[in-house]
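Whole structure, please, built from the sequences with the hints as guidance.
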Amino acid sequence: MIAIDILRGSDLVVTIKPDSSSNQSKAVMGDNVINLQFDLNQKIDFKLGDWCTVYGENYFLNKMPVVNKVSTYLYEYTLVMQSEYYDLGKAMFMFYDAANELKEGEFSLMGNADEFLNLIIKNANRVGAGWTKGAAISTPYVNMTFKSETCLAALVRVAQQFGTEYFVNGKVISIDKRQKDRGITLRHGRDKGLTKIDTKTQGDSSVVTRLYAFGSDKNLPPNYRNYADRLRMTDGQLYLEKNVEKYGVIEASKVFEDVYPHRTGKLTAVDAGNPFSFKDAAIDFDVNNQLMPGVAAKITFNTGQLAGYTFDIQRFDNSLKQFTILKNKDEKALDVPSSLIRPAIGDEYVLVDIIMPESYVTAAEAQLKVKAQNLVNSISEPLIEFSVTSDPIYFRKKSLKIDIGDLVWITDPDLEINKRIRVIGIVRSFQDEYEYQLTLSDGLTTSPTQDWYGGISGNSREIADINSRLNNRSSENNFVGNVIMADIPVASDTSGMFQVFVDGSGKLYKKM
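Residue numbers (the UniProt record's numbering): 1 to 512.
A hint or two may mislead.
As the list claims (entries may be wrong) - No farther apart than 25 Å at their CA atoms in a straight line, the calculated lysine-lysine pairs in the PhoX-like style are these: (1) K192 to K397; (2) K298 to K321; (3) K133 to K192; (4) K321 to K196; (5) K63 to K171; (6) K200 to K177; (7) K43 to K90; (8) K147 to K103; (9) K147 to K122; (10) K266 to K200; (11) K401 to K196.
Calculated from the structure, these hints are not laboratory results.
Below, the structure written as structure tokens:
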């Protein structure tokens with residue numbers, strides 16, 4: 001049994017010895033709390049903000065305890081103390097206002113995981129201090145709308161938007177999947193690591209044996225695949241199957257909006273005197289031959305000062321490989337492009353609202369099939385969850401300490417188990433630090449933390465696609481690729497530019 005010092009600031013409030021039902025409980029994308037039950041021979045006035053350190057992590061009292069008076073000299077306490085990352089639920093997720101201060105609670109922003117994480121950290125430090133960035137996976141830029149959400153709620157949504165996870169280590173926030181191969185093998189039996197193994201099908205996971213897969217509707221020929229509305233897989237294949245012979249036909253469909261025929265080009269020359277003109281010497285087709293009837297061809301920049309902007313193409317000179325674009329009609333705060341915000345050599349772009357050459361359509365169909373195959377491979381078997389109990393003697397002898405995200409091998413010939421699997425949840429005893437209840441799975445059943453400060457309520461925010469708010473057309477701006485914000489020169493005349501803000505790192509943010 002461990003003793004726990006509960007502090008107020010740096011002052012000791014009381015030292016407790018939790019009973020056998022007390023534990024530390026952690027889950028991937030879920031809770032990180034300690035559940036404490038203990039007796040004292042006197043009344044202690046605990047206060048919000050009291051804290052302790054257990055198993056190397058700090059926990060705080062964010063909700064008043066339950067107290068039962070048994071007698072004048074016996075008081076029973078029940079406390080739930082939360083890790084530091086719950087403080088993210090105490091700070092609202094704000095954007096820059098006209099004074100370049102984080103005071104706008106309802107806004108839309110185009111960003112990647114790294115940019116959203118930067119803004120979450122800025123807001124967390126606006127209320128608290130010491131929050132820093134860990135890892136952030138490389139993602140496309142997407143448009144998201146936020147309304148009256150906490151930083152914790154925003155962190156959950158951003159991770160889900162990019163199909164990944166978040167984790168917080170102390171005050172270091174990461175948007176990434178947390179996993180580490182420990183090289184540990186656990187078996188059931190004496191001196192093998194485990195005293196119990198339970199198996200079950202995880203949550204409401206459903207098996208799919210036939211997956212219909214479709215891509216985007218962008219950049220397709222008008223008579224594509226007998227007038228199909230969306231990109232199909234190679235040879236027009238509608239669906240992929242796996243394990244039909246085991247489970248029968250169980251259908252589902254998936255639209256991959258980020259898969260469409262496109263070419264990522266790169267500027268090879270610009271006109272110093274004309275920001276509307278630039279060249280791409282490597283383009284391998286004549287844009288004039290790929291126009292859609294009645295639709296203006298467009299170019300969307302992925303990197304550089306024009307990142308995220310879409311422009312109508314006024315003309316394309318195939319002999320010079322030169323584009324001339326029109327001013328962005330939807331930007332009201334400033335002229336784009338201009339001598340201030342302009343294209344540069346090396347900027348990357350994609351063409352939209354054109355009919356891409358057949359080779360690009362074929363490549364996109366192949367990409368769609370690969371994505372669909374990867375998905376059907378992961379959903380064509382039941383997702384199994386294991387609940388295992390550690391053997392404290394074995395764990396102590398091997399000095400094994402397990403955390404969420406760890407990868408371990410579990411083997412049992414009777415249950416036909418032999419696989420590497422991820423720890424997605426732990427319950428750790430305070431009676432014996434080597435006594436664990438582990439939840440193992442290749443997927444997640446835990447819901448993202450929704451607590452007193454979670455703010456993840458359908459009534460408290462608007463889960464709306466930004467396309468309904470952007471003036472730019474949705475076909476121009478959704479998943480255009482990896483966008484890199486460039487540094488913006490200092491303007492000598494900032495009139496009319498109040499909607500564009502540059503943060504301390506020199507990154508440009510545009511309030512939609």
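Okay, the hints, checked on the actual structure:
Simply put, K192 and K397 have alpha-carbon atoms about 11 Å apart, close enough for the 25 Å limit, and the pair holds. Proximity of K298 to K321 is assessed by CA-CA distance (about 15 Å); at most 25 Å being required, the pair is judged to hold. For the hint pairing K133 with K192, the CA-to-CA distance comes to about 39 Å; that exceeds 25 Å, so the pair is violated. Restraint check: the Cα-Cα separation between K321 and K196 comes to about 68 Å, which exceeds 25 Å; the hinted pair is violated.
Between K63 and K171 the CA atoms are separated by roughly 20 Å; this keeps the pair inside 25 Å, and the hint holds. This hinted pair checks out: K200 and K177 have alpha carbons roughly 23 Å apart, not beyond 25 Å. At roughly 29 Å between alpha-carbon atoms, K43 and K90 are farther apart than 25 Å, so this suggested pair is violated. Between K147 and K103 the CA atoms are separated by roughly 12 Å; this keeps the pair inside 25 Å, and the hint holds.
Between K147 and K122, the direct Cα distance comes to roughly 17 Å. Compliance with the 25 Å bound is thereby established for this hinted pair. Using a Cα cut-off of 25 Å, the hinted pair K266 and K200 is violated, with the two alpha carbons roughly 51 Å apart. Straight-line distance between C-alpha atoms of K401 and K196 comes to about 18 Å, which keeps the hinted pair within the 25 Å bound.
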